[in-house]
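There are 2 protein chains.
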Amino acid sequence: MFQSFDEKTIPGTAKDRIFLLRKEMLKNNVDAFLIPRNDTHMGEYVSERDKRLEWLTSFTGSAGYCLVFKDKAFLFVDGRYTIQAANQCDENIFRICKIPDDTLINCINDHLNEHEVLSYDPWLHTIDQIEIIKSKKRDVIKLVEVDNFIDLIWNNQPSAPLDLMVPHILKYSGQEHNEKLKIIAKNLSKKGHSAVVLTQPDSIAWALNTRGTDLIQTPVALCFATISASGKANLFIDQNKVDNKLIKHLGSNINICDIKYFGEFLNAMTGIVRIDSQRAPIAIKSILEKEKVSFVYDSDPVLMLRACKNITELEGSLKAHIRDGAAFVEFLSEVQNKNSNITMDEIGFVKHLELKRRATGKLKNISFDTICGSGPNGAIVHYRVNTKTNRQISYGDIVLIDSGGQYLDGTTDITRTIAIGTVPEEAIKASTLVLKGMIAISSLKFPLGLSGRDIDAIARQALWSEGLDFDHGTGHGVGSFLSVHEGPQAISRQNNIALRPGMIISNEPGYYKKNSFGIRIENLIYVKESTKGKIPDKRRMLEFETLTLAPIDHNMIKLSLLTEYEKKWLNNYHSNVYKKLSPILTKTAKSWLKIACKSI
Amino acid sequence: MFQSFDEKTIPGTAKDRIFLLRKEMLKNNVDAFLIPRNDTHMGEYVSERDKRLEWLTSFTGSAGYCLVFKDKAFLFVDGRYTIQAANQCDENIFRICKIPDDTLINCINDHLNEHEVLSYDPWLHTIDQIEIIKSKKRDVIKLVEVDNFIDLIWNNQPSAPLDLMVPHILKYSGQEHNEKLKIIAKNLSKKGHSAVVLTQPDSIAWALNTRGTDLIQTPVALCFATISASGKANLFIDQNKVDNKLIKHLGSNINICDIKYFGEFLNAMTGIVRIDSQRAPIAIKSILEKEKVSFVYDSDPVLMLRACKNITELEGSLKAHIRDGAAFVEFLSEVQNKNSNITMDEIGFVKHLELKRRATGKLKNISFDTICGSGPNGAIVHYRVNTKTNRQISYGDIVLIDSGGQYLDGTTDITRTIAIGTVPEEAIKASTLVLKGMIAISSLKFPLGLSGRDIDAIARQALWSEGLDFDHGTGHGVGSFLSVHEGPQAISRQNNIALRPGMIISNEPGYYKKNSFGIRIENLIYVKESTKGKIPDKRRMLEFETLTLAPIDHNMIKLSLLTEYEKKWLNNYHSNVYKKLSPILTKTAKSWLKIACKSI
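As given, the protein sequences belong to chains A and B, one line each in that order.
Following numbering that gives the first Met the number 0, the numbering of the first sequence begins with 0 at its first residue and continues without gaps.
Following numbering that gives the first Met the number 0, the numbering of the second sequence begins with 0 at its first residue and continues without gaps.
Chain A with its partners taken away, still in its complex shape (with noise of 0.2 Å):
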């Protein structure tokens, strides 16, 4: 199984473990140590060995840090994760802070005195992070960059991972690398750049046509890269990850070098460098500043290129979503029958969806832990079944299944929410009500131009007539076989880059009613210019096409509460969906899947 069950956390240890942190601190005259959950990448997901905040709070969420003082200690998480760091840590050490209510900047000026001292690890913070602690504090406290205390203390820390960096070939990226380069060089000479530092190893991946398996579910190698005006690159990665193979296929414009010699080359770096203030260490603006590299900030070009998808990556896309359709459908059959032997239990679903995705034979691995939670589980947003919260499904129960896998050709993430035998009436037109503006947004057309905050409310619409609400965003742009959560574009209130021909994003509107059920139904779309014929005014429309395949449980649905249009939208999804998985199914799932495809 690529997904375990086991409960992770052991508050206990955080005591010993804080005691040893602060004998650290004090050596070094630290009043304050600041521990972020990321790595030195900035990504969500990290590998065991960058696991600093959970080894010290035992608090496994993907997003927080820690504020620790001599005598407290503070972690902050977001709403998604207050419940959940209450019950993994101990609260006689840490204070749990709610952000953005609660903020670091505060508490600083609640627990640190003039000219105290507040440290961190530069390769663990972003320029951003640290530059608005500066400019606020900067002439009332300390600011001092340290080694990590967390990695001098941590015995049988794990050791960084060190999986061979593989060709991600043309078949799947559709652009050879040296073009890529190219474009990159072209963007950086227009701009008046030497080079670009690169410190997103998705974008790295990208640019190189290279992927790797760093980190568990999102299929990269840890690395850092330059890329220069005259399209050469220089790639910093541990020699243990580099094979004859990958030397073949990165050819004679890219330079291998040893990470340890990163800091060093960049302190040679000539000409203007251009830095993301967004996304780079500040360890990194360090160097630099101490060398007196000229530098500017400007995002990473990558993050453009690599979120418009082109035509190979939609095609592979399509055929990925066409394999995982199919693998999803098999479970779903299996599942709503009753004489099939799968575990009735939220694991036993997990499990054998693992399986059926397996059982394609082209899964490189799922892309992120299923969240399958039935009942009141599935209202928690992020929850993740393990064997102490799993849940025996049950006649009545509703199980809200968010999941997704890696292939080659392509990341999918699929929510479907679907009824065990006969549901509350009151659910039912709760999903009705998501599945309108999950139909809305994928129905909308818009001019070129907006960004996700834009047409946000377009998916929610239906939902605030019944005085409704969720509270995530409606949609996270996705990688191409890269991260499944992947920016810059999203569809959210936070979000202002506008939409382009070729992103990839959910439409996943969602509901949740607190210790009951959870509703959330999730397509994957991309986006596309709109049918020109149809635009009088010649604006330049953009649409979405959707790329998800599997069917929306009639069961969950109030058919007198979609219009017209609403019931041929999902009658027309459902035809596709039947025409394009029904050839690759058994046939048991495919006589499952005509009558649950069947026009209402």
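Where hints are given, some of them may not hold.
You can't tell identical chains apart in this list, so a pair holds if it fits in one copy or across any two.
30 Å max Cα-Cα, derived DSS-like pairs, lysine-lysine [unchecked claim]:
id, residue 1, residue 2
1, Lys22, Lys71
2, Lys71, Lys597
3, Lys133, Lys190
4, Lys512, Lys69
5, Lys513, Lys527
6, Lys579, Lys189
7, Lys141, Lys190
8, Lys135, Lys289
9, Lys578, Lys141
10, Lys537, Lys557
11, Lys135, Lys185
12, Lys190, Lys97
13, Lys527, Lys512
14, Lys189, Lys135
15, Lys566, Lys428
16, Lys135, Lys291
17, Lys136, Lys291
Since the hints were derived computationally from the structure, they do not count as laboratory data.
Here the structure of chain A is known, so what remains is to put chain B in place on it, guided by the hints.
What follows is chain B alone, placed relative to chain A:
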């Protein structure tokens, strides 16, 4: 008549006037001089005396500025006004620049050499406007505050308006001004501010419950004021505008000073003075800085108070809308009666509508020059008919009429688009899509905390679905017997102010087919708490209540495009219009309205 139809612009005068200006610039060693459209109060409307930009350039639009160099001159206007500016100005003298594509900074970069002098009247530019230039050019050019050169060379410049400031009584304001001062004072105390400087006449009018007639269509008196954290105020106003009635109304908490002492008073302020850098002229900052008075930037504290109308203001607005709606219906019923004696041209329509409003006996003024665009003129969003553009209205024409009145109990703003006889199917379809957007906003429920930007898409979704859109915001705030364009709220992609109960806002989607026709349907609506009983999750939801009462032309609706819900909305609306207006209509208008409001 309140409205004049003369063509105001005389491009031939520019040559002599700019010659005089350049002589003045030379005399003062100034290389570039900046002339804005606004007066010192930064509002949308200015008195005749302050129409400096128009005097110099002949451009009569409501926004823009001119940068005059020794040998060239650039007039900056936004997209609404590029065509108008080209028509009104001598392009041999003024190059028309389009905001935001063309920027002042680029123009300075291109045409001003190092160490050259850019001058401006510090009373006519906000702090933010000048600071942005300083931040980019401080080390390159010299920025020098000067007396206004236009005032020095403008022969026969009209004198400043000196109309009386009058009390706005409790019956209409709903709250004593001393109560308002207490609330403002509390806000100041809480933030540690000793006083605030108010520079917007409508903020002062709201806070002191006064009105005036200095600006034609916005009922305010031009003045400045300060309010202290103890709840006392100083009003700086020309003594000619003050009579005993006003002195009695203002009472002992408000000290009336002649406006000529305003600068001296600023000099002597103590504590931390609050100024709104987006709205206050930079002259105020210069004075405070010179005398080392401490100050902070923070928004005008009246803005949000003024925006959220109290019960009295909302009830007043409804009364004004019944009165105004009845006048509008009298107009409509005659326009569509073949035996009426209305002159069937745009000016005839405008005059007749104004007469109907005057006939209410309560009209203080129109709230802006009526936009009455028939046929292709309807497609010009900011069209104002004059004797040259006036167009005969014939059978088959579509006429867009956007107008409003100023009444003591409220400000109105309504747009209807009517068919004279049979009009093209294309226009009826577009009009129906516009109506769908208008109904969608009218019916929307949404969570507290959302701004106009978050819901703007709802008004456009139906148009977008056919590849159509409109290039203006969906709605603007409206004052209570104050400015018809009142901030800070708006339904627009540019607006981030959370909507709050009591805010009055327009709901006016449109569609414009260049050289052919224009459609706009506008109701004023206000924000209120949504019905509690309907909210199972205890989320605070908001919704809109419609104020405007006038029929929407059935001849402009393609019924098959409306959903059942939309038809029901329209029938309910029309039934309410008939119920509210019919008791005060003439017999003919009442019969006409009965048909116009019949169920569909």
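Results of checking the hints against the structure:
no.: 1; hint: Lys22 to Lys71; verdict: within (14 Å within a copy, 71 Å between copies)
no.: 2; hint: Lys71 to Lys597; verdict: neither (60 Å within a copy, 72 Å between copies)
no.: 3; hint: Lys133 to Lys190; verdict: both (28 Å within a copy, 24 Å between copies)
no.: 4; hint: Lys512 to Lys69; verdict: neither (41 Å within a copy, 69 Å between copies)
no.: 5; hint: Lys513 to Lys527; verdict: between (37 Å within a copy, 27 Å between copies)
no.: 6; hint: Lys579 to Lys189; verdict: neither (45 Å within a copy, 64 Å between copies)
no.: 7; hint: Lys141 to Lys190; verdict: between (36 Å within a copy, 28 Å between copies)
no.: 8; hint: Lys135 to Lys289; verdict: both (23 Å within a copy, 27 Å between copies)
no.: 9; hint: Lys578 to Lys141; verdict: neither (65 Å within a copy, 71 Å between copies)
no.: 10; hint: Lys537 to Lys557; verdict: between (39 Å within a copy, 24 Å between copies)
no.: 11; hint: Lys135 to Lys185; verdict: between (37 Å within a copy, 27 Å between copies)
no.: 12; hint: Lys190 to Lys97; verdict: between (40 Å within a copy, 24 Å between copies)
no.: 13; hint: Lys527 to Lys512; verdict: between (35 Å within a copy, 26 Å between copies)
no.: 14; hint: Lys189 to Lys135; verdict: between (35 Å within a copy, 22 Å between copies)
no.: 15; hint: Lys566 to Lys428; verdict: both (15 Å within a copy, 24 Å between copies)
no.: 16; hint: Lys135 to Lys291; verdict: both (25 Å within a copy, 24 Å between copies)
no.: 17; hint: Lys136 to Lys291; verdict: both (25 Å within a copy, 25 Å between copies)
Checked against the numbered hints given earlier, this structure breaks hints 2, 4, 6 and 9; the rest are met.
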